[in-house]
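Following my numbering, the numbering of the sequence shown begins with 1 at its first residue and continues without gaps.
Incorrect hints may have been included.
Pairwise CB distance ranges, derived in the manner of DEER restraints [what the hints assert, rightly or not]: (1) ARG133 with PRO34: 36 to 46 angstroms; (2) GLU57 with PRO34: 30 to 40 angstroms; (3) LEU18 with GLY61: 37 to 47 angstroms; (4) LEU54 with ARG129: 10 to 20 angstroms; (5) PRO79 with ARG129: 18 to 28 angstroms.
Simulated from the structure, these hints should not be mistaken for lab results.
Bear in mind the structure is a predicted one, so any value in this text is a computation, not a measurement.
The beta-carbon is built from N, C-alpha and C at its ideal position, and this holds for glycine as well.
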Amino acid sequence: MMSRIGVALMGAALVVYLAVAVWLAVMFLVVGTPVSIGMGVALVVLAPLGAWALIREMQFGFGADRLGRVLDSEGGMPPVETDLTPSGRIARADADPLVERYTAAADAAPEDWRARYRLGVVQDAAGRRKDARASIREAIRLERA
1 MMSRIGVALM
11 GAALVVYLAV
21 AVWLAVMFLV
31 VGTPVSIGMG
41 VALVVLAPLG
51 AWALIREMQF
61 GFGADRLGRV
71 LDSEGGMPPV
81 ETDLTPSGRI
91 ARADADPLVE
101 RYTAAADAAP
111 EDWRARYRLG
121 VVQDAAGRRK
131 DARASIREAI
141 RLERA
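Make a model of the complete structure from these sequences and hints.
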(Lines of atoms letter the chains of each structure in order from A; the text may use other names.)
(Lines give C-alpha, C1' and ligand atoms only; values in the text may rest on other atoms or scores of the structure.)
Protein backbone atom coordinates (compact mmCIF):
# COMPACT_ATOMS: atom_id res chain seq x y z
CA MET A 1 0.00 0.00 0.00
CA MET A 2 2.84 2.39 0.83
CA SER A 3 4.35 1.89 -2.62
CA ARG A 4 1.06 2.84 -4.25
CA ILE A 5 0.93 6.02 -2.18
CA GLY A 6 4.50 6.77 -3.28
CA VAL A 7 3.56 6.25 -6.92
CA ALA A 8 0.54 8.53 -6.53
CA LEU A 9 2.75 11.21 -5.00
CA MET A 10 5.27 10.83 -7.84
CA GLY A 11 2.47 11.16 -10.37
CA ALA A 12 1.19 14.32 -8.68
CA ALA A 13 4.73 15.71 -8.56
CA LEU A 14 5.09 14.94 -12.28
CA VAL A 15 1.97 16.96 -13.10
CA VAL A 16 3.23 19.92 -11.04
CA TYR A 17 6.69 19.60 -12.64
CA LEU A 18 5.24 19.63 -16.15
CA ALA A 19 3.05 22.63 -15.40
CA VAL A 20 5.98 24.60 -13.98
CA ALA A 21 8.27 23.54 -16.85
CA VAL A 22 5.75 24.66 -19.47
CA TRP A 23 5.19 27.96 -17.67
CA LEU A 24 8.94 28.55 -17.43
CA ALA A 25 9.44 27.59 -21.07
CA VAL A 26 6.84 30.15 -22.15
CA MET A 27 8.43 32.81 -19.95
CA PHE A 28 11.90 32.10 -21.40
CA LEU A 29 10.59 32.15 -24.96
CA VAL A 30 8.74 35.45 -24.41
CA VAL A 31 11.95 37.19 -23.29
CA GLY A 32 13.36 36.59 -26.77
CA THR A 33 17.10 36.66 -26.14
CA PRO A 34 19.15 33.82 -27.62
CA VAL A 35 19.99 32.41 -24.19
CA SER A 36 16.39 32.53 -22.96
CA ILE A 37 15.13 30.96 -26.20
CA GLY A 38 17.67 28.18 -25.76
CA MET A 39 16.51 27.62 -22.18
CA GLY A 40 12.87 27.61 -23.28
CA VAL A 41 13.55 25.07 -26.03
CA ALA A 42 15.53 22.91 -23.59
CA LEU A 43 12.58 22.90 -21.17
CA VAL A 44 10.16 22.07 -23.98
CA VAL A 45 12.32 19.07 -24.94
CA LEU A 46 13.52 17.84 -21.53
CA ALA A 47 10.28 18.06 -19.56
CA PRO A 48 8.32 15.60 -21.74
CA LEU A 49 11.39 13.37 -21.96
CA GLY A 50 11.58 13.18 -18.17
CA ALA A 51 7.84 12.54 -17.97
CA TRP A 52 8.13 9.72 -20.51
CA ALA A 53 10.97 8.09 -18.54
CA LEU A 54 9.02 8.28 -15.28
CA ILE A 55 5.88 6.86 -16.89
CA ARG A 56 7.88 3.94 -18.38
CA GLU A 57 9.37 3.17 -14.96
CA MET A 58 5.93 3.28 -13.37
CA GLN A 59 4.55 0.92 -16.02
CA PHE A 60 7.44 -1.47 -15.38
CA GLY A 61 6.87 -1.31 -11.63
CA PHE A 62 3.14 -1.94 -11.90
CA GLY A 63 3.68 -4.83 -14.32
CA ALA A 64 6.39 -6.43 -12.21
CA ASP A 65 4.30 -6.04 -9.05
CA ARG A 66 1.25 -7.57 -10.72
CA LEU A 67 3.17 -10.59 -12.03
CA GLY A 68 4.91 -11.04 -8.68
CA ARG A 69 1.57 -11.12 -6.86
CA VAL A 70 0.15 -13.65 -9.35
CA LEU A 71 3.20 -15.90 -9.12
CA ASP A 72 3.27 -15.66 -5.33
CA SER A 73 -0.44 -16.55 -5.07
CA GLU A 74 0.23 -19.62 -7.25
CA GLY A 75 3.13 -20.63 -4.98
CA GLY A 76 5.60 -20.26 -7.84
CA MET A 77 8.13 -17.84 -6.40
CA PRO A 78 11.64 -19.27 -6.12
CA PRO A 79 12.40 -20.61 -2.66
CA VAL A 80 15.34 -19.36 -0.63
CA GLU A 81 17.88 -22.12 -1.26
CA THR A 82 21.05 -20.54 0.10
CA ASP A 83 22.21 -18.32 2.91
CA LEU A 84 21.61 -14.68 2.23
CA THR A 85 23.88 -11.80 3.06
CA PRO A 86 22.61 -9.21 5.58
CA SER A 87 21.48 -7.09 2.63
CA GLY A 88 19.25 -9.92 1.34
CA ARG A 89 21.50 -10.89 -1.56
CA ILE A 90 22.62 -14.38 -2.45
CA ALA A 91 26.18 -15.12 -1.32
CA ARG A 92 28.60 -14.73 -4.25
CA ALA A 93 29.71 -18.36 -4.11
CA ASP A 94 26.11 -19.57 -4.48
CA ALA A 95 24.94 -17.00 -7.04
CA ASP A 96 26.44 -18.35 -10.28
CA PRO A 97 25.11 -21.94 -10.06
CA LEU A 98 21.69 -20.70 -8.99
CA VAL A 99 21.45 -18.15 -11.79
CA GLU A 100 22.63 -20.74 -14.31
CA ARG A 101 19.96 -23.19 -13.18
CA TYR A 102 17.16 -20.64 -13.47
CA THR A 103 18.55 -19.43 -16.81
CA ALA A 104 18.43 -23.00 -18.14
CA ALA A 105 14.83 -23.34 -16.91
CA ALA A 106 13.83 -20.07 -18.59
CA ASP A 107 15.59 -21.04 -21.82
CA ALA A 108 13.84 -24.43 -21.78
CA ALA A 109 10.45 -22.69 -21.68
CA PRO A 110 10.91 -19.55 -23.81
CA GLU A 111 7.19 -18.67 -23.82
CA ASP A 112 6.65 -19.12 -20.07
CA TRP A 113 6.56 -15.78 -18.31
CA ARG A 114 6.71 -17.50 -14.93
CA ALA A 115 10.12 -19.04 -15.65
CA ARG A 116 11.44 -15.71 -16.94
CA TYR A 117 10.09 -13.86 -13.89
CA ARG A 118 11.67 -16.39 -11.49
CA LEU A 119 14.98 -15.88 -13.32
CA GLY A 120 14.64 -12.13 -12.81
CA VAL A 121 13.99 -12.58 -9.08
CA VAL A 122 17.06 -14.79 -8.70
CA GLN A 123 19.21 -12.42 -10.77
CA ASP A 124 18.11 -9.53 -8.58
CA ALA A 125 18.93 -11.47 -5.42
CA ALA A 126 22.34 -12.26 -6.94
CA GLY A 127 23.00 -8.54 -7.45
CA ARG A 128 22.61 -8.59 -11.23
CA ARG A 129 20.15 -5.74 -11.41
CA LYS A 130 20.43 -4.98 -15.13
CA ASP A 131 19.90 -8.64 -16.10
CA ALA A 132 17.03 -8.92 -13.62
CA ARG A 133 15.23 -5.93 -15.11
CA ALA A 134 15.64 -7.36 -18.62
CA SER A 135 14.27 -10.74 -17.52
CA ILE A 136 11.30 -9.23 -15.72
CA ARG A 137 10.61 -6.90 -18.65
CA GLU A 138 10.59 -9.98 -20.91
CA ALA A 139 8.22 -11.75 -18.48
CA ILE A 140 5.84 -8.78 -18.67
CA ARG A 141 5.98 -8.89 -22.47
CA LEU A 142 5.36 -12.66 -22.56
CA GLU A 143 2.44 -12.41 -20.15
CA ARG A 144 0.77 -9.73 -22.25
CA ALA A 145 1.17 -11.77 -25.46
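Checked hints:
Distance hint check for ARG133 and PRO34: the Cβ-Cβ separation is about 41 angstroms, which falls inside the suggested range of 36 to 46 angstroms. Look at GLU57 against PRO34: about 35 angstroms separates their beta carbons, and that is inside 30 to 40 angstroms. For LEU18 paired with GLY61, a C-beta distance near 20 angstroms fails the hint of 37 to 47 angstroms. Roughly 19 angstroms separates the CB atoms of LEU54 and ARG129, a value that falls within the hinted 10 to 20 angstroms.
At about 21 angstroms, the beta-carbon gap between PRO79 and ARG129 stays in the expected band of 18 to 28 angstroms.
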